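Asker: Below are the chains, spelled out letter by letter.
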Amino acid sequence: MRWCLMTLLVAIASVHTDGYSQEFEAREHARAAAVAAGKTSTSAAPIVLQEPARSYFEWGAIVSEQGEVLNVRPGSVAAIMGLQPRDQLTHVNNKLFEPGKLAQFLTHIAELEHNQQFVVGIIRDSQTLQLTGTVQANVIPGWRLEVFHDFDEASLANDNQQQCGRLSVFFTPPAAADLHPAFINSVAGDNVRIQNPTIKLAAQEYRIGVHELIQDPSVRRGRGIAPEKYLTLTIEPNKTYHIAAKFIPAKRFKYINAEYWEPVVWKVTEQNCQLD
Amino acid sequence: MTNNERHLRQQWQQFVAQEAEQVSLEFDPHIANSAGASMPRFHPLWLSAAAVVLGVGIVWWLTDVSNGLAPQQESLLLADAEPPAVPMLLASNYTVDALERRLQQAYLHGATESELTQLWAQYRALTQ
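Listed in order, the protein sequences are those of chains B and W.
Position 183 (the first sequence) corresponds to 183 in this note's numbering; numbering is contiguous.
Position 64 (the second sequence) corresponds to 64 in this note's numbering; numbering is contiguous.
Rather than coming from a laboratory, the hints here were simulated on the basis of the structure.
In this text, all values refer to a predicted model and were calculated from it rather than measured experimentally.
Even glycine gets a Cβ: it sits at the ideal position worked out from N, Cα and C.
Some hints could be false.
A partial selection of chain W residues facing chain B, derived with a Cβ cut-off under 8 angstroms [stated by the list, open to error]:
#	residue
1	Leu89
2	Ala91
3	Asp97
4	Arg101
5	Leu103
6	Tyr107
7	Thr127
Extracted from the complex, chain W is given alone in its bound form (with noise of 0.2 angstroms):
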């Protein structure tokens, strides 16, 4: 250690413990009374709170609506609902539908009398 370096360290020294000597802890009461005072606000226990009661009225709502005691709620589903809508169908006998098609064209054109009894015999056979 050179010379320059003893001096240094002695001079760090020094400023240590002059330094040393003026630290001190200190609790602010105040600080110290309002961090207890936040522990009642503790967030868990009140979202526990809430949950229990929102969960309590979802069940009492449910129960209510199934057992039928909020008639005004279904009579309003009822009102609003329209008839099923039936998708379309293949034809159970399309050539029933194209016979009957072609009598109803034969009485809209006039045909004959033999060609309507014709017809009638056609459509006879295929739905008797």
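So here's chain B without its partners, still in its complex pose (with noise of 0.2 angstroms):
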């Protein structure tokens, strides 16, 4: 029972730590894209880049032109039908290869459909085989990318105050002291748009709510969503206070009130602000 128990917890563990590290991997392949979307247009309007979600099959062989099978990857569908490297298409479910019309041929397997069967007639040493198969589509789900140029800073300051200052999550804080990028959530209460990396604030104390994005694939998060942690600061004139989510390693497993890392002023620098 004890041991049921314990390989239980180390099989949920490993779940865990697996949909941790694949959110990890899309961030960075998220940061990736951003990038690239951002090189292909020169004007300052957001890029929109949008795609509703759809299936494909892909069977794992690639074939010539003349219908040998080049390679077949290990765990794919047309390897576990038996499909081997230099195998000879003669037909798919009844329809003959003819060597040089291979779109014919891609085209009849990318027709197939989810759990529809297959059979594809080979010839392996002289000896002609039928191989049968099932087709088992995959889904990309449906995604969109939104990539904003301008860095502009939002303003939650009124007119009828004269001095301000600035909390700014812009510059990258340094990972080697433990401190990673973070954002602002809300400021004294009041939702702020994410995208702004920089906000403008009347001097005055404020309770700044901010989430971490730290960048360490050992980092352990709860389920759900993470709550916002907060950071009391008084804005002084002229001055921007960098943010930063700070990472305590010896905290790491403390996931459950994210005692593993606490919202920080890791840089404050002068800089003029008026109030427009």
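Build the complex: two chains, separate frames, hints provided.
Answerer: Printed below as a string of structure tokens:
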């Protein structure tokens, strides 16, 4: 019983770890995609790329123009049905493979439907074989990528207030000091636009809600929406407060109350601030 | 009580006395016998017997099927069963899928040897 419980806990922990390493990988890909998309336009308008969900069937074999199987990926549908490199295709579902007409064969494969059975005829070592497989289609979820070019600052200060300062998450803090990027989610209880890297505020004390963007795959996070953590800060005139997430390695496994990090001001710079 | 009322009362008492003499209670022997004959068809007993027979039959049938004594039912079930439908899943490695597609398209469109070599190098790097 004890061993069963321990095995179950290890399995849950591994699933947990896989989920976060995949999220880490997804974020890295999204950053790379944002940079690549940003290079495609010179205008200041945001770039929006989006696609609906769709399915596709990749059977895992690469075939030459003459119908010779060049490669079979282990674990793929082609591999499961027994296809091997150097097999010579003769037909698929009673449709003959004509050398030089690879497009017809690929079109027929692409037209198969999910869970449909299909038969591929081959010649292997002078022997004719029929291999049966089942289509296993994959799905690409719908997605949307919005890339902002402007680094405009948002202003939460009233016109009748004379002195102001700034909060900023624009500069990447030094990871060598366990300082990681963060974003500001709320100021004095009001939600702010996340895409604005800098926020102009009247000079006074604020309670600032911050989310961490710690770029360390070893970080364990709790499930669900991560709660923001708060930083109380007095904004002084003409100063910019650079916000970061301070990673605490000793508490790396204390993710339930997000004890593994704290919002901090990692740098304060002088910068003239005027209200419009 | 007025004279009129007294007279009416006297008339009523005479009428009641006259009617009371004619009242008699009679029991029809046929009705009595038929009521006694209906007693054996009392419903709960009949239903109880049927319920017991039905219950025994259901238990026997279930036991029979679970013990494999009705192979014809099982074979029918197997004949009707379709292969389990596998749901569509996210690709285990979309990057490899996409690269395979590019490689296949390269062969389809007669790519140069250097293009193929480059694509195969990317493919090996991802899969080995």
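Asker: Take the hints in turn and mark each one as holding or not.
Answerer: Each hint tested on the structure:
no., hint, in the structure
1, Leu89, "6 angstroms, holds"
2, Ala91, "4 angstroms, holds"
3, Asp97, "4 angstroms, holds"
4, Arg101, "6 angstroms, holds"
5, Leu103, "5 angstroms, holds"
6, Tyr107, "6 angstroms, holds"
7, Thr127, "7 angstroms, holds"
Violated hints: none; the structure is consistent with every hint.
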